[in-house]
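Sequences listed follow chains A and B, in order. Position one of the first sequence corresponds to residue 539 (my numbering), numbered consecutively onward. Position one of the second sequence corresponds to residue 799 (my numbering), numbered consecutively onward.
A few of these clues could be false.
[Unchecked claim] Here are the simulated DSSO-like pairs of lysine-lysine, each with C-alpha atoms no more than 27 Å apart in a straight line:
| id | chain 1 | residue 1 | chain 2 | residue 2 |
| --- | --- | --- | --- | --- |
| 1 | A | Lys599 | A | Lys647 |
| 2 | A | Lys599 | B | Lys937 |
| 3 | B | Lys1020 | A | Lys601 |
| 4 | B | Lys937 | A | Lys606 |
| 5 | B | Lys952 | B | Lys921 |
| 6 | A | Lys651 | A | Lys606 |
| 7 | A | Lys601 | B | Lys921 |
| 8 | A | Lys571 | B | Lys952 |
These aren't lab readings, by the way, just hints derived from the structure by calculation.
Chain by chain, the residues:
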Amino acid sequence: MATAITQDEIDSVFPTVAEMVADALGCELADVKPDASLIEDLGAESIDFLDMVFRLERSYKVKIPRGKIVENARGTLSEAEFEQNGVITEAGMAQLKSYLSEVPAGRFKTPTKVKEIPRLFTPVTFCKLVISAQRETKAAG
Amino acid sequence: MSAILPESGIAGKIAIVTGGGRGIGRAIVELLASQGADVTFFYQSNAAAANQVVAAGVGAGQKIAALRVDIRDAAACAEAVERVVERCGRIDILVNNAGTIRDNPLLAFDDADVDAVIDTNVKGVFNVTRAVAPHMVSKRAGRIVNLSSVSAAKGGRGQTNYAASKGAIEAFTRALAVELAPRRITVNAVAPGVIETDMSKDVRELAGDEITSRILLKRYGKPEEIAYAVWFLVSAYANYVTGQVFSIDGGFKME
Chain A
539 MATAITQDEI
549 DSVFPTVAEM
559 VADALGCELA
569 DVKPDASLIE
579 DLGAESIDFL
589 DMVFRLERSY
599 KVKIPRGKIV
609 ENARGTLSEA
619 EFEQNGVITE
629 AGMAQLKSYL
639 SEVPAGRFKT
649 PTKVKEIPRL
659 FTPVTFCKLV
669 ISAQRETKAA
679 G
Chain B
799 MSAILPESGI
809 AGKIAIVTGG
819 GRGIGRAIVE
829 LLASQGADVT
839 FFYQSNAAAA
849 NQVVAAGVGA
859 GQKIAALRVD
869 IRDAAACAEA
879 VERVVERCGR
889 IDILVNNAGT
899 IRDNPLLAFD
909 DADVDAVIDT
919 NVKGVFNVTR
929 AVAPHMVSKR
939 AGRIVNLSSV
949 SAAKGGRGQT
959 NYAASKGAIE
969 AFTRALAVEL
979 APRRITVNAV
989 APGVIETDMS
999 KDVRELAGDE
1009 ITSRILLKRY
1019 GKPEEIAYAV
1029 WFLVSAYANY
1039 VTGQVFSIDG
1049 GFKME
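Working from the sequences, and respecting the hints, build out all of it.
Structure, rendered in C-alpha cells:
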C-alpha cells in the first residue's frame, strides 16, 4: 500500500496545477480554489479533463492513463467491491470519501454512480493525480 | 470596408500535411509554404520525391521539412507529431491528405484491398488527428482539413472500398467539428473530383472519356486547384466555416 499523499506534497504542486486548470478552463486563477468543484463551480466539461491531463503529462513528464483517478480512488478494493452495476457500494463510498478527502462531505450523495465521480473532482484531485504519477515514474526508475 | 481582412493569416503558421511528397499533397505543401507557413509533411515511402519537395522549398527560402511516417502506425504518428511540436512549439494546421486507392469490383476483392484502403484512409486519419488534436485543444486554436473525394458522394464502379473510406472521412469531419468547436478548432473537408495525379492515372486511362463527359467543365482538375481550397479553409477568411465538405470537382454529375 502506497503511503498517503501529504498536504506538503499537494502544496508543492498546487500553484502549477491551478495555473493549468485556469488555462484549460479559461477562468481566473483566483477562482481555482483547492476544493472548488471543477464541473459545478468552474464549468469544466469532459474534454477539459483530457486537456488538463495532457497539460500535466507534458509539464511533469509523467504518463497518466485514462481512468487513473478512479483507479487510484478505488485503492485496494476490487472492482466488484467498489461498484455494483455502475453504482458505488458502501465500502466504495467510504474509500472514495477518504481518497477525495478535500471534497466537502455535503457534495457526496448516495447512491453515486461511477460515471458521476468526475462531478466531485477538484484541483486538489489533479494534484494527487500528478503526485501519484510522479511516484510511479520514480518507482519505475 | 474596415472589416475586410487584409491578410490570410497563414504566414508563420505551423502546418502538418500528410502525404505531401506527391500529387495534391505536394501542391498543398508548396502553396502553404509559399505563403509563409512552416510546413512539415509526412511521406510513406518515396524519399526521392520528398527530398525534391524539401530542396525546392528550402532553395526558395521557405520552411519545409519532411518526415517519413507510416500513418497506419499510431505510435509512429505520435512520435512524429511530438518531433514537430519540439521543433516548432505548436501545431496550427493539420491537413490529412495521405490516401491510397485499390480499385476492384467487390466480388474480386482480396482482404488486403479492403484493409489497405481503410487502414490508410480512415485509421491513418484517426492516428494523426489524435496525435495533433490535444496540442490544438490546449492552444484553443487550430485548423483541420481532411481530404475526401467525389467518390464519397458519387462512387464509381470498383470503388466501394475507396468510396466507403471517404464517406467515413466526411462523417468524421462533421462529428469532429462538433467536438472541437468549443475549443475554437475548425474541421472541414475538401472533396476533389478527378485530379491529374499519379493516383488517378489508372482511372483516367481506363475510363477517360466516360469521366470527362460527366464533368461539367470538361477537364480534369489540377493539384493546385485543390490546394487553393485547402488554403482558403486554413486561412483567416474561413474563420466562420466548420463541419463542411467543399467539393472541387469541375461540376461532377452522377450517371
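Satisfaction of hint between Lys937(B) and Lys599(A), Cα-Cα up to 27 Å: holds (19 Å)
Satisfaction of hint between Lys601(A) and Lys1020(B), Cα-Cα up to 27 Å: Distance of about 45 Å is beyond 27 Å: violated.
Agreement of Lys937(B) and Lys606(A) with the hint, judged by alpha carbon distance not exceeding 27 Å: It holds: about 24 Å lies between the C-alpha atoms, which stays within 27 Å.
Hinted pair Lys599(A) and Lys647(A), Cα distance within 27 Å: violated (35 Å)
Pairwise hint evaluation, Lys921(B) against Lys601(A), where the allowed Cα distance is 27 Å at most: Distance of about 24 Å is within 27 Å: holds.
Given hint Lys952(B) paired with Lys571(A) - CA-CA distance at most 27 Å: violated (55 Å)
Proposed proximity, Lys921(B) with Lys952(B) (alpha carbon, max 27 Å): holds (22 Å)
Straight-line alpha-carbon gap Lys651(A) to Lys606(A), limit 27 Å: holds (17 Å)
In summary, the structure is inconsistent with hints 1, 3 and 8 from the numbered list given earlier, while agreeing with the others.
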